[in-house]
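With mature numbering (1 follows the signal peptide of the UniProt record, and there is no 0) as the guide, the letters of the sequence shown map in order to residues -22 to -1, 1 to 173.
If you're looking for bench data, these hints aren't it; they were derived computationally from the structure.
Glycine residues also receive a C-beta, built at the ideal position from the N, C-alpha and C atoms.
Errors might be hidden in some of the hints.
[Unchecked claim] With beta-carbon atoms standing in for the labels, derived distance ranges:
{"hint": "1", "residue 1": "Ser138", "residue 2": "Glu36", "range": "21 to 27 Å"}
{"hint": "2", "residue 1": "Lys114", "residue 2": "Thr89", "range": "24 to 30 Å"}
{"hint": "3", "residue 1": "Asp137", "residue 2": "Asn46", "range": "23 to 29 Å"}
{"hint": "4", "residue 1": "Gly131", "residue 2": "Glu111", "range": "19 to 25 Å"}
{"hint": "5", "residue 1": "Ser34", "residue 2": "Ala152", "range": "40 to 46 Å"}
{"hint": "6", "residue 1": "Val120", "residue 2": "Glu156", "range": "29 to 35 Å"}
{"hint": "7", "residue 1": "Asp117", "residue 2": "Val172", "range": "34 to 40 Å"}
{"hint": "8", "residue 1": "Thr59", "residue 2": "Val135", "range": "19 to 25 Å"}
{"hint": "9", "residue 1": "Val73", "residue 2": "Ser167", "range": "14 to 20 Å"}
{"hint": "10", "residue 1": "Glu110", "residue 2": "Thr153", "range": "37 to 43 Å"}
{"hint": "11", "residue 1": "Ser53", "residue 2": "Ala152", "range": "15 to 21 Å"}
{"hint": "12", "residue 1": "Ser170", "residue 2": "Gly35", "range": "22 to 28 Å"}
[Said to hold, decoys possible] Dumping the calculated SDA-like pairs for lysine to any residue here, alpha-carbon to alpha-carbon at most 20 Å:
{"hint": "13", "residue 1": "Lys98", "residue 2": "Gly35"}
{"hint": "14", "residue 1": "Lys122", "residue 2": "Ala139"}
{"hint": "15", "residue 1": "Lys98", "residue 2": "Pro87"}
{"hint": "16", "residue 1": "Lys122", "residue 2": "Val37"}
{"hint": "17", "residue 1": "Lys114", "residue 2": "Thr89"}
{"hint": "18", "residue 1": "Lys159", "residue 2": "Asn46"}
{"hint": "19", "residue 1": "Lys114", "residue 2": "Lys159"}
{"hint": "20", "residue 1": "Lys159", "residue 2": "Glu36"}
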Amino acid sequence: MLKNVARLSFMIALLLFLGACANTDDESMDQGDMENSEESEGTNHGDHGDMNHSSSGEVPEGLQEAENPAYEVGSQAILETDHMEGMRGATATIVGVYDTTVYAVSYTPTTGGERVENHKWVIHEELQDAGEEPFKPGDEVVLKASHMEGMEGATAVIDSAEQMAVYMVDYTPATGGEEVKNHKWVTESELSPVE
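All chains should be built: construct the whole structure from the sequences, respecting the hints.
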């Protein structure tokens, strides 16, 4: 009987030990996955982890308000984009709509670090020496936008350019947390109606 108790105690201790090891491995794997995910997001469109989630709401000089936007100022829409954690699925209030050329850009932050690929979005009025004509994919520009640390003053390459309405929105992240005020920028295709 003593042998059985000792054997049972040993088995319980072994199971507890293996369970603890499995949890540790899962935690470190989750942490590693999170870091890898953050890194890959960082190279996609800047992860926006360093993004100024809220802004003053000031818009660049010369930016024209949209005349017939799909979503009017004061209306609500569902965010269908993941520029930042907690955006997708959040209900946004439209606080500004403007007609402009919208760019996705790639650049190396002035503060150093990895190159940011395909950052969405920068608008025409946020580019240095922006004239009447829009820039084209492949053009090299200097950013005046400060959406993220190291963005302002950085030399960027235009990845895509499209004339469209761009939205500034307020929203509370779907993952919880503080309300984000005057987030710049979201495009019409990144919004859907509130049902």
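Structure-based check of each hint:
For the pair Ser138 and Glu36, the beta carbons lie near 25 Å from each other, so the given range of 21 to 27 Å is met. A hinted range of 24 to 30 Å for the beta carbons of Lys114 and Thr89 is consistent with their spacing of about 28 Å. The hinted window of 23 to 29 Å between Asp137 and Asn46 holds, with their beta carbons roughly 28 Å apart. Our hint of 19 to 25 Å for Gly131 and Glu111 holds, since their Cβ atoms are close to 23 Å apart.
A hinted range of 40 to 46 Å for the beta carbons of Ser34 and Ala152 is inconsistent with their spacing of about 24 Å. A beta carbon spacing of about 32 Å between Val120 and Glu156 agrees with the range 29 to 35 Å that was offered as a hint. A hinted range of 34 to 40 Å for the beta carbons of Asp117 and Val172 is consistent with their spacing of about 37 Å. Taking the beta carbon of each, Thr59 and Val135 are about 22 Å apart, inside 19 to 25 Å as hinted.
In this structure the supplied range 14 to 20 Å holds for Val73 paired with Ser167, their Cβ-Cβ distance being about 19 Å. Between Glu110 and Thr153 the beta carbons are some 41 Å apart, a value that agrees with the proposed interval 37 to 43 Å. Checked against the given bound of 15 to 21 Å, the beta carbons of Ser53 and Ala152, roughly 19 Å apart, stay inside it. Distance hint for Ser170 and Gly35: a CB-CB separation of about 24 Å, consistent with the stated range 22 to 28 Å.
About 18 Å separates the Cα atoms of Lys98 and Gly35, which keeps this hinted pair within 20 Å; it holds. In summary, the hint linking Lys122 to Ala139 is supported, as the alpha carbons are separated by about 17 Å, within the 20 Å threshold. Of the supplied pair hints, the one linking Lys98 and Pro87 holds, its CA atoms being roughly 15 Å apart against a limit of 20 Å. Restraint check: the Cα-Cα separation between Lys122 and Val37 comes to about 12 Å, which is no more than 20 Å; the hinted pair holds.
About 26 Å separates the Cα atoms of Lys114 and Thr89, which puts this hinted pair outside 20 Å; it is violated. Distance restraint check for Lys159 and Asn46: the Cα-Cα separation of roughly 23 Å exceeds the 20 Å cut-off, and the hinted pair is therefore not satisfied. Between Lys114 and Lys159 the CA atoms are separated by roughly 31 Å; this puts the pair beyond 20 Å, and the hint is violated. Restraint check for Lys159 and Glu36: satisfied, since their Cα atoms lie roughly 12 Å apart, inside the 20 Å limit.
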